[in-house]
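Peer 1: Listed here are the chains, written in short residue letters.
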Amino acid sequence: MPAPDADALESDLAKQSTILLSLKSISKTYTTGDVSVPVLHHVDLDIYAGEFLVIVGPSGSGKSTLLNIVGGIDVPTEGDVYFHNQNISLFNEQQLTRYRREHIGFVFQFYNLVPTLTARENVIVAADISAAPMSADEALELVGLGSRVNHFPAQLSGGEQQRVAIARALVKNPELLLCDEPTGALDLSTGRMILEVLGNLNRELGKTVVIITHNSAIGHMAQRIVRIGSGTIAETKVNPHPIPARQVTW
Amino acid sequence: MKVLHHKLLRELLAAKGVLAAIISIIAVGIGCFIAMSSTYDNLEYSRKNYYRLCHMADFSIELKKVPVGDLATLTEVPGVINILPRIVFQVTASLEGVEKPLSGQVVSLPAHENAPINRIVIKQGNYFTDQRQEEVIVNDAFARAHHLQPGDHIQLILNNRLQDLLIVGTAISSEFVYLIGPGGLVPEPESYGVFYLKHSYAEDVFGFEGAANQILGQLAPEFQSPNRVREILDQLELNLDDFGVFSTTPLAQQSSHWFLKSEIDGLKVSATILPTIFLIVAALALNLLMSRMAEQQRTVVGTFKALGYSNQEMFLHFIQFGLLIGLAGGIFGILIGYSLAGGMTAQYRNFFEFPSLTNQLYPRVIILGMLISVFFSVLGTFRGVRSVVRLSPAEAMRPKPPLRARRILLEKIRSFWNALDFRWQLVLRDIFRNRTRTLGGVLSATVGAMLLLMTFSMYDSAFALLNFQYDKLLLSDIDISFKDDHDYAAYFESQQINGVDYAEPLFQVGCTLKNGIHEKKVGITGILSNARLTIPRDTAGNRVDVPETGILVTRKLADILQIQAGDSLEMIPVSGDRTVRRVPVMKIIDSYLGLTVYADFQYLNLLMGESSSLSSVQLKTNPRPAATRQIYRQLKQVPAIQSVTSIRDQKEKLQEVLIDQMIVMIVVVIIFSCLIFFGSILNASLISLSERQQEIATLRVLGYTPAEVGSIFLRENICVNLPGILLGLPAGYWASKAINIAYDTELFRMPFTIGTMSWVYTVLLGILFTLISHWPVQKAIQKMDWLKSLNVKE
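Just so you know, the sequences run in chain order A and B.
Mapping to the working numbering: the first sequence position 242 is 242, numbers consecutive.
With positions in the second sequence counted from 1, the corresponding number in the working numbering is that position plus 250.
Hints are computed from structural coordinates only; laboratory data are not their basis.
Note that CB positions come from ideal geometry on N, CA and C, so glycine has one too.
Fair warning: there could be bad hints in the mix.
Away from chain B, derived, C-beta distances all over 12 Å, residues of chain A [what the hints assert, rightly or not]:
id: 1; residue: Leu20
id: 2; residue: Asp74
id: 3; residue: Tyr82
id: 4; residue: Asn85
id: 5; residue: His103
id: 6; residue: Thr118
id: 7; residue: Leu142
id: 8; residue: Asp180
id: 9; residue: Arg246
Simulated coverage check for chain A against chain B, where a stretch passes if three residues somewhere in it have a Cβ under 8 Å from a Cβ of chain B [to be verified]:
id: 10; segment: 104 to 113
id: 11; segment: 120 to 128
id: 12; segment: 205 to 214
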């Protein structure tokens, strides 16, 4: 049976899904004193609603910067970012804060939990600023942490901490879940567990999940893989047969 | 935002050691503010109420003798709403069982209570009765000092006749809140009292039927400004010119009021300066702590902002730290302040006689104290966190760029640097790389040392004045003053008294000295050219001989009268022959005593048209108590004596009062200074500890003991605090000088002096506090889980 045509698959994907977020010719340069460091060069990317997208690139490729711009925690030097046809790159700080509050869930490599709050309290921190959150316990149940909700991060394993972080991102009912190296600090088996949680959120709750990683093995579970290198998109590929998280190996 | 409150409270608890140090500094600052403001209010409200209760006079006029009938026109002077004629004389008193001749002031009162001006408040017994004329009401402090009760008797020499009087009551008056005898500086109730007589009896016994020698007056509210009061008094003096006006005294210059108001006004100044110093130190420490906390929570801040928290919400969260610290500091400060105010008010009750002087809680002061506490705490927090909170989420979540590892300046001195062991190198690098923290530490140590030196200097200055007055200037043991000027025979008779080793006469003339529009009422003291018991001295302690002719004046008086040596002044005596004389000013001396004027004994007599008249005699006596008692017994028999003052007792009393006051002040300032050192060092050290956990863990892995690791921090604290202490020395010097200038009054000024030991004590105490403050830091190093610290990540 011949391999499906990548462009055709992408075209099918575009036809089936609405574009949730669109990046048009995004460039980002960091300036410190007299030194300027260009990180992204004229990147174009569309993110479709409900997709599981993995952006793969080596360290220093600009993938984190790209994710930060998508998530509204950084602004591009040039280019536009459209979210529901609104150009968020023109947003002021208050508007960006609102954008993040209402539409974005972030998961970080090192979890970024507040050490002086319990698991439940870390999730409530996000629920408290959301207009229509789910309950913290429900979010924690969804990530399989119903029994450890009153523990502090120091009392949880890495995988458990990352699940709390996912629950925190999820509790706001965001449209877009952005994950920066979510398995970067975890071993294989724990990493698979996290990927499984993220996969479930995509499949069962219809969340748009974007993962950035240096680990190309994770790309095998994605519906679409974008390769980024030296600040530009090298390749965009639809994965016709995404594998379940438990089969991902590195 | 309930969950954020949990975060806030847990983080506060985790930093409780450091926070306790900062809160204690805030509490001390607020405590000082509340103590001094409350004591100010206690005294000021008591004063106002007391003056209102007693219908306090706005002025008094002392004159030779005026018929009461001639006083009616005085109320026609615009502004004068009430007058009261009185009879007032200095007298000696005698009590059974008391060997020392006592002295005091007789004041006449209307037969029935409720005098229109300067009423008294009965403490024990009753007001005068109609049963007899020879009744006396004694001022309460004198009565207590001698255990006098209504029904006891006292003998007063009135108009050269010994009168036995029945004590019908004891009383206090707003006129004598602070009662000092002539020449005194502190109340001596055991030696000097006030004796209230019926006006009719005073008229009779002094030969003042229908007459008075003192007029009290009250002014309308709109005439209370100093200039208007002066104008009115000048007018009244003109109206009473025929009756020998000695002096006109507005309330502002009334002895008791002056002392009381000076003390109250001093509190107001202290209530501003001292707390501000403490609160600035606290704000700096809090700034440092919160900067560190914000840096440590950089990633958390970034995460919160990524979640959708705004800058304002993040600011508000951190500001709540400052708010809670400010509230805690404020609450403890209120408790400390209220207790201190109670102590200070109780102290004042020993000096100032009020019907009621209690410590009150003033909501205005409490609220202001709390607001100040919160303001400084929030300010310190705001400055500490704003740089982190303002970061974009992405930047906040990126690790802070490592400090650029430049060489410090000292490393360029290769020979010096290479000679240091690596611990000293670590210490010096840390000091010069963390400039803000280092400067904060130096500033705190400077403030601590400055406070210590200022306090020691005040002690030194007070005792220098005491020693100047009683060891250099006034060398007599007993001073006798006579009611009227006496001839020289009194001097010879004094020399014959058993127990007297040596005697010297003094001739004192009260007068007004004028230079054009500048004038001042003073007393000229005529002393012998070879006087040994009153010796004019300059501030260096050198004897200044009185000129054979002319007068010797102090610099203060010369400035008031705008004169120089060689000028001449108009001299108008207040009594006797009031012809205007011209006197040359022969010398001007720098002196600690404000308005002293000296002249040669014979010259002054000649000037006044007298020959060898004297007003008082100074005695040098045998120090044995038995000899002193014998002298007193003999002096008691002399009706012409107005007062007998034991200079020795006066000195002892003043010493006792000074020591009492100063000791308390010194102890309090030492505690406060210790808190500043402690709070600042603990704050900086614990922050440094948390930043250098990996460094410490590495040293422990290498095999360094906790004491050896602790020695690094100790060296750092000494290197920061010792320069601060040394800087505090000139700061304390200049601050003491400024206070010295501020307390320069007409009456006296303090010698500005700082004893050698004061410098030494300041440095030693500063070093001691630095060492004490290291103890909790060493404990923290010992308790540190350094193994875990090896895995800590920023």
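Peer 1: Look at each hint and say if it fits the structure.
Peer 2: Against the structure, the hints:
1. Leu20: holds, 18 Å
2. Asp74: Nearest chain B Cβ is 4 Å from Asp74 of chain A, so the label is violated.
3. Tyr82: holds, 20 Å
4. Asn85: Asn85 of chain A is indeed farther than 12 Å from all Cβ atoms of chain B, at 21 Å.
5. His103: Given that some Cβ of chain B is not farther than 12 Å from that of His103 of chain A, nearest at about 9 Å, it is violated.
6. Thr118: violated, 8 Å
7. Leu142: Its Cβ never comes within 12 Å of chain B, the nearest being 18 Å, so this holds.
8. Asp180: Violated, because the least Cβ-Cβ distance between Asp180 of chain A and chain B comes to about 9 Å, which does not exceed 12 Å.
9. Arg246: holds, 29 Å
10. 104 to 113: Contact hint for the segment 104 to 113 of chain A vs chain B: holds, 5 residues under 8 Å.
11. 120 to 128: holds (count 5)
12. 205 to 214: With 0 residues closer than 8 Å to chain B, the segment 205 to 214 of chain A misses the three-residue bar; violated.
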